[in-house]
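Q: Chains as they are written, first to last, in our numbering: chain R, 7 to 1013; chain Y, 404 to 681.
Keep in mind that the hints were calculated from the coordinates and are not lab data.
It should be emphasised that the depicted structure is a prediction, and the values quoted were computed from it without experimental measurement.
Some clues are possibly wrong.
Below, a list of computed lysine to aspartate or glutamate pairs in the EDC-like style, where the Cα atoms sit at most 16 Å apart [stated by the list, open to error]: (1) Y/K656 - R/D896; (2) R/K544 - R/D620; (3) R/K864 - R/E652; (4) R/K686 - Y/D607; (5) R/K686 - Y/E661; (6) R/K264 - R/E594; (7) R/K892 - R/D1008; (8) R/K809 - R/D766; (9) Y/K656 - R/D826; (10) Y/K656 - R/E956; (11) Y/K656 - R/D954; (12) Y/K488 - Y/E436; (13) R/K264 - R/E664; (14) R/K892 - R/D826; (15) R/K604 - R/D936; (16) R/K106 - R/D43.
Each chain, letter by letter, is given below.
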Amino acid sequence: MTVHDVRIEVTPLQTEGMRDVRGDVVRRQLIADHGIDVGIVRSICGYLIRSKYDASSITPRVQDIFSDPIIEFGAVDATLIHDATFFPHTPSLCVTVGFKPGVTDNPGAAANDGFQVLFPDVNAAISTYTTYVFTNLPETVDNAWLASTLHNQLIERAILATRDDISSGNASVITFPERPTIVRQSPSIIDLEVADEELIRLSVDGLLALNLTEMQAIQAHYRMIEHQTARESVGISTNAPTDVELECLAQTWSEHCKHKIFASKIHHIDTETNEDSIIDSLFKTHIMNPTHDMAKEVDWLLSVFHDNSGVIAWNDDWSICMKAETHNSPSALDPYGGAMTGIVGVNRDILGTGLGARPIANTDVFCFGPPTWTGELPSTLFHPSRVLRGVHAGVRVGGNESGIPTVNGAIVFDERYIGKPLVYCGTVGLMPRRLADGRESHEKNPTPGDAVYMVGGRVGSDGIHGATFSSLELTDESPSSAVQIGDPITQKKMMDMILEARDACLITCITDNGAGGLSSSIGEMAEYTNGCEIDLGKVPLKQEGLSSWEILVSESQERMTVAVAPKDTEAFEALAALHEVEATAVAEFTNSGYFHVKHGEETVAYLPIEFLHDGVPQLELESEWIPPVQPEFIPPASFDNTKLLEEMLARPNIASKETWVRQYDHEVMAQTAVKPFVGKERDGPGDAGLIAPIHGDSQGIVVSCGIAPRYSDIDAGAMVAAAIDEAVRNAVCVGVDIDKMAGLDNFCWPDPIESEKTPDGKFKLAQLVRANRELERICRAYRLPCVSGKDSMKNDYGVWPNKISIPPTMLFSLFGNHIDVRNTATSNFKQHGQRIYLVGNSKDELGASEIAYHLTEKNLAEGIGGNVPRLPEPERQLDIYRRLSKTIQDGLIRTAHDCSEGGLAVAVAEMCIGGRLGAIIDIDGIGEGDSFSRLWSESLGRIIVAVDSEHEMQFIEAMSDADIHLIGMVTDTQNLIIEDGYEELIQADVAVLTNSWKEALDMTGGV
Amino acid sequence: MTADVRVAVLFGFGINCDRETAAVFDMVGGTSERLHVNHLVQGNRSLEEFDILAVPGGFSFGDHLGSGRLLGNRLRFALREQLQKFVSSGKPIIGICNGFQALVKTGLLPGPENASLEPDLIQRASLTLNNTGRYEDRWVTLEFDSESPCIWTKGIQRIECPVRHGEGRFVMPTEMELDNLSQNHQLTVRYVDPSTDSGTGLSDDLLPFPLSPNGSMRNIAGICDPTGLVFGLMPHPEAFYTMWLHPEHTSMKLNEDEWEGSGLQIFRNAVEYVRSQR
C-alpha cells in the first residue's frame, strides 16, 4: 500500500478581534527574561501526516480535525509563510521547531487519535511542529541565540529561515522525523573473570553505576556451583551474566532504588564532641525505628516504608497516603519533560499503593538558581529563568491535564542550584479502607499463577538508564536517552481504568513502572510470591528492534504493572478496551524463587529473587564533623528598617509566586478549602493546603511543607529541624489535628562519599548524620512518624575542583487530618480591631537568615555566620501547637500565619497585604536580642495570630502557660507601624509593601 | 410518583471534573452516573436512559488541536443522532469549561438561529487562548441575563466561582452574530466588575484582566442555545457547591444553615425543570 506524507499548516486568522496569542507569549517572555523586544511574533502549527491517505482525501476534512473554522486557517501541502494573505511582508526570520526522532510528541498523538475517527489507519503517524514568525526582528538580535531560546536541542530540532532564504525560495522545510531502523541484538554474555580494573571499566562504560565491591559480588555469584547448575537447567550461560542480567542488577542495586548510602555502615567522628562511633544504616536507626516505635502507640499507621507510599487511616471508611519524589537530573537536561515526568511519575506511586489509591492533591517544591542571574554559566546549563519556566510548565501541564489539584508548594532560590535544580513533586492519595470483596485496600495479595499485565504506554528507547544515571553526577556527556516527556492524557485514561478495576476487585497487586522499568516493577512484586516468569517478547514496543535488556530496564512513562487472578483476566481486558488503554499480559507470578526472564522461548535472565533484592553488599563510609567557619553576621550600624522591609519582600525567597502558582489548577475536584492564595484580593500567602475530598463532608486533610536549605551553611542538623518545624507550623496555622499527622523526608544531598572527585565527602556525610539525628529527635518529640521518604544523593554538577554542589537540602512534607474545614484560619488580617499575638519566643538567631544573606549580598555585612535557629525543647513546642490548633478547631482563631524567612517583620507585612489592612505592632518584650534581631530573626516555633476581641479571653485561657505575647492591633489605616517600646522601627504603606512583594517574580511581561 | 431524574455525567479521555459534577447533581436530588463516553459510542448504553446530560470540565485529549475539539468530534461524529434526539426531546444539557468548549465545537452551542430549528451541529463560535496566554485558576464574578431562556440559570442574578482554563476567550466572526445572540438573550452569563451593584454589571465593553480572565468578546462567560436547554460556561459553578470552597470563608461568620454555595442552584434548576415537565 502506498504511504503518503501530507503537510498541514494552521495559523490564527487575523480578522478583527482575532489574536495570535501563541506568538505574542514568545514576545512577552523575551521581554520579561531578557529585556529584549523582538517585535510582533506570529505562529504556525504544523502537522506532518504519514498515512495511506493522500492530500486530496484529507483536504475536505481539514477544518474538522486540524483547524478551527472560526479562528484559524488551515492549508494542505502548502507552507503558509509564503501565503500573502497571512504574511503580506516577508518576515525577518522564521524558526521552526519540531521533535527529534523518537521523542514523545503529545500533540501528534492526539492529532492521530482525532485523525483515526475520520481516517482509520493503524499505521498512521503524525508529527507536529511550530513555526515562530518574527515579522520585524531588530538587527541586534542574534538569530542562533533566538532559536536557542525556543527549543531544547537535546530533544528538538530547529530550522531557521532568514528573510533572504524566504524571498529567494530557499527556505528549507521541516520533514517527518525519521527513526533509523534498529535490528534487535541477541543478549550477549559478559565475561566477569577479568581484573578489577576491567570490572570497573565495565561498570563505567556501561553506565551501570556499580562500584568494585558490587561488581565483585556479582562475579562471585556466577562462580557458585549451585547457581551454575540451576542456570544450566534453563539453558542460559552457566558462569557469566547476560547483558540482561547485568543491567537488571545495576538497576535494582542502584543508589536510586536501593538507597545504599542511607543503608551504609558509617564510621562517624565528631571533632567537637570527640565522638567516634559506628552507625549501621541511617535509615534504620533514625527513620524506620522511630516510626515503628510510634506505630505501637497509634492505630492509624496502616502501611509504612514498604509500599510505593505510606498509608494512614483517615477515618473508618477511607485511608490516605502520600509520596514525594525528586526529578532533578532529568529536569536539568530538559526542564519541561523532566519535571512533567516527575509529577506524573509520583502520581503513579499513589496509583500503585496498596491495591490502587486515587491521587487527590499534588504538591511541588522547586529549588533554582536566581532567575535574575547575570554571572557565568557553564555552556551545558540552562539559565535559571529558563529552568524555572520549563519546570513550571512541565508540572503545570502534568498536574492540570491529570485533573489533580496542586494545593501546596514552594520555590527556593540559591546560586548553588544553578548546577542542579531540585524538583520535588508530591502527591496525596485516597482509597476506601475496604473493597467490595472485603479485602483491605492497603495490602497487596498476589498468588502464584496470577497474570501480570503491563498497562498504559508502550516501551521505547526513551528513559533507558534513568535510575543509574540519576545515581551519577551530571556532566557534559549525560545521555539524552535518560530524558523523556510525559503523556498525561494516556496516564489519565489508564488511571480511570485502573480505579474502576480496583473497585471491581480485579487487582491482586499493582505497582508503577518508574526507575528501572519492568525490571524493578515486576522484580519487586515477585518478592510477594517469591518468583515470576516474564516474556519480553510479549511487551508492546514503540519501535521494533529493542534488545532484551532495553525492554527490561526502559523507563518509558505512563505504565503500571498489575497482577490479576486468572478468573478475572477477561473482565480486566474488557475494561481496558472500553477505556482505550493498552493492557498486555507479559508475565506470571510463580514461587520458583527466581526472577526468570524469557524472550520468546529463550531464557535471557535467571536470577535468584534473594540475590536480586538482598545481594548488594553494604557500603562502608567515613564521616567527620568539623563545624564550618562562616564570617559572623553583624548588621550595619545604621539602616532604614522600612526600606529593608520593602527589599526583603522583593527577595526571590520571600516574594509572591502568585503568577506561577495561579497557573496550577488548585481547585479541581471541588475540595480545596484553603487555597494557595488567600485574603481580600486573594493574593495573600496560604500557609498550608486544606482539602475536603469527600463531597458534602467537611472532614479535611492538611498538606504542608517545610524547607530551609541555607541553614545547612551552618549546620545541616539545624536545617532539618527547621524544615520539620516549618511544615508543622504551617499545618497548625490551618488547624491540623495534631494527633494524626504523618511526614515524608526527601533528602537531596551532594555526593557524600569521599573520593578523588569529592575530597570533602567526609564532611558532607557528617552533615547527613547530623541531619538524620535531628530528624529523629524532632519527629519523636512531635510524634510525627515518617511514613515514606526518598533520597537523591548525587546533586553535583561538574568535576572537582570546579564542582558545584547543592546545599544539603531536606524537604519535609506533612499530611494530616483536619476535623472540620469550616473551622480553619488564613494568614490575612480580617478586620480593624483584631488583636495580634505572637505565639512562641523570638531569639537572637540571625545566622543564615534571609536578612543576613540580603545584607551580605549587598556588601553591607561580612557574612552569614552566627546562631542558626534551633529547637531545644520540641516537647514543649508540641504542647503549644496542640493548644493553638485547638483554638482554631474551636473557631476562636481565624487568622494565623507562620513566621519564617524574614522573621516577624515579613510575616506581619504579609498579613497586612492579605487583608489590605494596616497594623500597629510593638515588639518590646517578645524575646531576647536587640530590636534588629526581634524584627528579622527566624527563630522557630513562632506563629502570629489575630483574634477578634470577643474571643480574646477564651484564647488566652486556652493557651494557658504557653508563651504568647500581645504585640498589637489591626488598624484600618493602610499603614504598618512597628515599634520597639517608644522607638518607631518601621512605618510602611501597605500598598507599597504589596507592590514590592508581588512584582519581583511576576515575570509575565505584561498581560 | 416522582421518578429519578437521571443525569449522565460523561467521563474518559481526560475529562476530570466528572466526580464533583456527579456529586452536585446528587446533592440537588438528581441521580447521577459517571458514564464513559465509549459506552455511548459503542452502543452498549444510550442517552435515552437519561434526563440530563453533563459534559464536565477537564483536558479531553490534552486540549491538543484546540480545547474540546477532539472530544467534540467524538460526540459529533459518533453520537450525532443520539445528541440531536436528546435535544429535540427537550432534555437539558450542560457543558462546563472543557465541556463548554466541546459543545461549542460540536455546534450544539450557540446552535441554530431560532428555537424552532433542529440542532444542526454546525460550529458558529469558538473558545480560544486567553489574551494572557496563560492557564489560570482564579475566582471571578458572574452576572446572568435575567431574560435568558436558559432553564439552568432561572432566578440567579450574580454569583462568584472559579475559572480554570487557558482557552476561555469566547469569539464569533462578526458583531452581527453576537448581536443576534444578545437579542435572543443567549448571552446568558458574563464576567462583571464586582464593585458594581448586583443586577447592573452586564456590559459589552471589554473588562480589563483579571475581571475578565480571558478577554472574551462582550465579556461572555457562558451562552445557551435558542431553546434554553443547552447551556455552557467556562467558569465552574460545581466548584462552589459549598461555602467552604469560597476563598474568603474564613472572613465570614456563617451559621450552620448558611453553608450552601451559590453554584448549586444551577444544577437544582435543571433537576427541577425536568420534574416540572413530567
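Q: Which hints, by number, does the structure contradict?
A: Structure breaks hints 2, 4, 5, 6, 7, 12, 13, 15, 16.
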